[in-house]
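J.: Listed below are the residues making up each chain.
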Amino acid sequence: MKISGYFSEFSLGEVFRFLEQGQKTGCLSLKSMDESHALPFLPAAPEHYLFFRYGQIVAATTTLNHQGLRQLIEQRGYLHPLTLQRVMNRYPGNMPLGVFLKSQAILDSQQIQLLFKQQVLTPIPHLFAWKEGYFHFDAQHPLPLAEMTGLSASPQVITLAGLRLLRDWTPLMDKLPLADSTIVSLVNEPPSVQLGKIEWQVWEHIDGTTTIQQIAQRLNIAVLEVQKICFRLMVMGMVEEVVNISSPSTSEPAPVNEMDTDRTGLSSSFLNGIVAFLKAKTSG
Amino acid sequence: MEIMRIVVTGPVGAGKSTFIRTISEIETVDTDRKATDETAQLKPSTTVAMDFGRLQFSPQMALHLYGTPGQERFDFMWDILIRKAHAFILLVSSHRPQDFRAARRISAFMRHRSKVPMVIGCSHVDRPEAWPMEEIAIALGYLSPHGRPPMVAVNALERSSVATAIITLIQTYAESQATALR
Chain A
1 MKISGYFSEF SLGEVFRFLE QGQKTGCLSL KSMDESHALP FLPAAPEHYL
51 FFRYGQIVAA TTTLNHQGLR QLIEQRGYLH PLTLQRVMNR YPGNMPLGVF
101 LKSQAILDSQ QIQLLFKQQV LTPIPHLFAW KEGYFHFDAQ HPLPLAEMTG
151 LSASPQVITL AGLRLLRDWT PLMDKLPLAD STIVSLVNEP PSVQLGKIEW
201 QVWEHIDGTT TIQQIAQRLN IAVLEVQKIC FRLMVMGMVE EVVNISSPST
251 SEPAPVNEMD TDRTGLSSSF LNGIVAFLKA KTSG
Chain B
1001 MEIMRIVVTG PVGAGKSTFI RTISEIETVD TDRKATDETA QLKPSTTVAM
1051 DFGRLQFSPQ MALHLYGTPG QERFDFMWDI LIRKAHAFIL LVSSHRPQDF
1101 RAARRISAFM RHRSKVPMVI GCSHVDRPEA WPMEEIAIAL GYLSPHGRPP
1151 MVAVNALERS SVATAIITLI QTYAESQATA LR
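Chains A and B supply the protein sequences, listed in that same order.
Quick note: the first sequence uses this note's numbering, first residue 1, plus one each step.
Quick note: the second sequence uses this note's numbering, first residue 1001, plus one each step.
Treat the hints as calculated values from the structure; they're not laboratory data.
All clues given are correct.
Label-pair restraints from in silico Cβ distances: (1) B:R1182 / A:E204: 34 to 42 angstroms; (2) B:K1084 / A:D174: 27 to 35 angstroms; (3) B:E1027 / A:I221: 47 to 55 angstroms; (4) A:P46 / B:A1178: 52 to 60 angstroms; (5) A:P43 / B:E1129: 22 to 30 angstroms; (6) A:T63 / B:L1143: 31 to 39 angstroms; (7) B:T1179 / A:S185: 22 to 30 angstroms; (8) A:H66 / B:A1178: 51 to 59 angstroms.
Covered stretches of chain A, as calculated for chain B (at least 3 residues, CB under 8 angstroms): (9) 15 to 29; (10) 231 to 245; (11) 266 to 275.
The C-beta atom is built at its ideal place from N, Cα and C for all residues, glycine as well.
Let the sequences and hints guide you as you build the complete structure.
T.: So this is what it looks like as C-alpha cells:
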C-alpha cells in the first residue's frame, strides 16, 4: 500500500484525519524538509516515527531500534540502567512494555502516563510547525511493543493541539476553507474534544447556511481567524466545507428539489440502448 | 429526442477533457485557454468554460458529456451543469494527493446541491506513487464502503476504459431510478 506525499500537498492534519478515520494500523514516517526543523520540545532527529493502532497513536520514536521508551525511563530516573536491563531480560515482548512494567508493579499508572506524555502528547503537536515534510505510511510495519506504554492518543486531539500552537500558517494558507464557503457539521453530537471559547462560538454558528465571512461578522473577529478555526474542525473530521457559487444572483444555495426541475427521467429502453452501445465500444 | 447528460468533473489535470475527447463521436468543443494562476504550473492550458462531447446511438437518443471548468472557481457554469445533469463522474488523479482536497471540495459541493448519482473515477492508477482506491475513498471522506459511490479505475486515453466508467455510471443511475420508483 503506497501512502506517501509532502505536507505541502497533504498537510499533517489531513494525514492524521486519514489515518484515524481509516482506522489504520502501522508506522507513519515523517521526514522534515524544512531547514529550520530543530524545534523546542521536539527531539532533533532526521526522521520521526509515529505508530498507529486502529487509527490511534500508540507510540512515537526517532529511531527504529526499540530503545526509545527504555531511554525515557532511564532519563526520568524511574529505574537504574542495570535494574532496567534485568527487567528487560524478563520482558516477554508479547505486550506493550508499559503494560508489562505496570503488571510487575515496577512502574505505576502515573509514571506510565508521564512517559506517554513525554513520548507522544508533548512533542507530536510541534510537528505541525514543520513548513515542509515528507510522509510515508507503512501498514505492514509491525507495532514496536517495546516502545509502547499501552496508552493511546486520538490524532484528532493532537491535531487540535498542534494547530493551536501554530504561529506561522503560511504553508496552510492554500488549504484553508474559502471565506464565502458554508461550513456543514458532520457530527450530530456536540464535540467530544474540549474547544476554546472562540472555537466554541464558531462551532455554534455552524448551521449549514452561514458562510465563514458571516460568522466572522457576527462574532466580530477576523475572517482569517474563523478560516483557521474551521480548518481545525475540518481536519478533526467534525465539519466539511461546501463552496458557494460565486455569482451574486445564485450565492444562496438553492434547495435540491428546485434545482432538479430541468431534468427528466430516462426510459429503460434508453438506458439499455446506451449500455449496449458502450459495451460494443469496450470490445471494439 | 431523449438525452442523458453526464457531467465530468474533478480537479485540474484529472483528465476531464481527455476523458470526453476519447469517447465523443464529435469533435469536442474546446474551450481551453492559456492557464493563469497556479494551474499554469500543472498544464499550459485549461478549460475555462466547459468541454462538450456527444454519443448519438440512435436517431432519437444521445448521451451528452459536459466537462466542468478546470480552474477551481464555482461560477454560474457549475450551476447550469448541475441543473441539467442526470449523473456525474468525479475524476481524481490517484498519484496526486494534493488534488484530494479539491476533489473532496467538489464532491461536497455536488452532494449538497444535487442528489444525482455519481461515480468516482480514479485515473493514473498504474503510477508507482498512486494511492489505492480504497485509501482515496477515505481521503475524500467516504469512510465506510456502505453508501460510498462506486469507484472505478479510469484511463482517460483508452476508449474502452472510458466506456466502462460510463457504463458503471449509467448502471448507478438506473439503480437510483429504480430505488426512487419503489
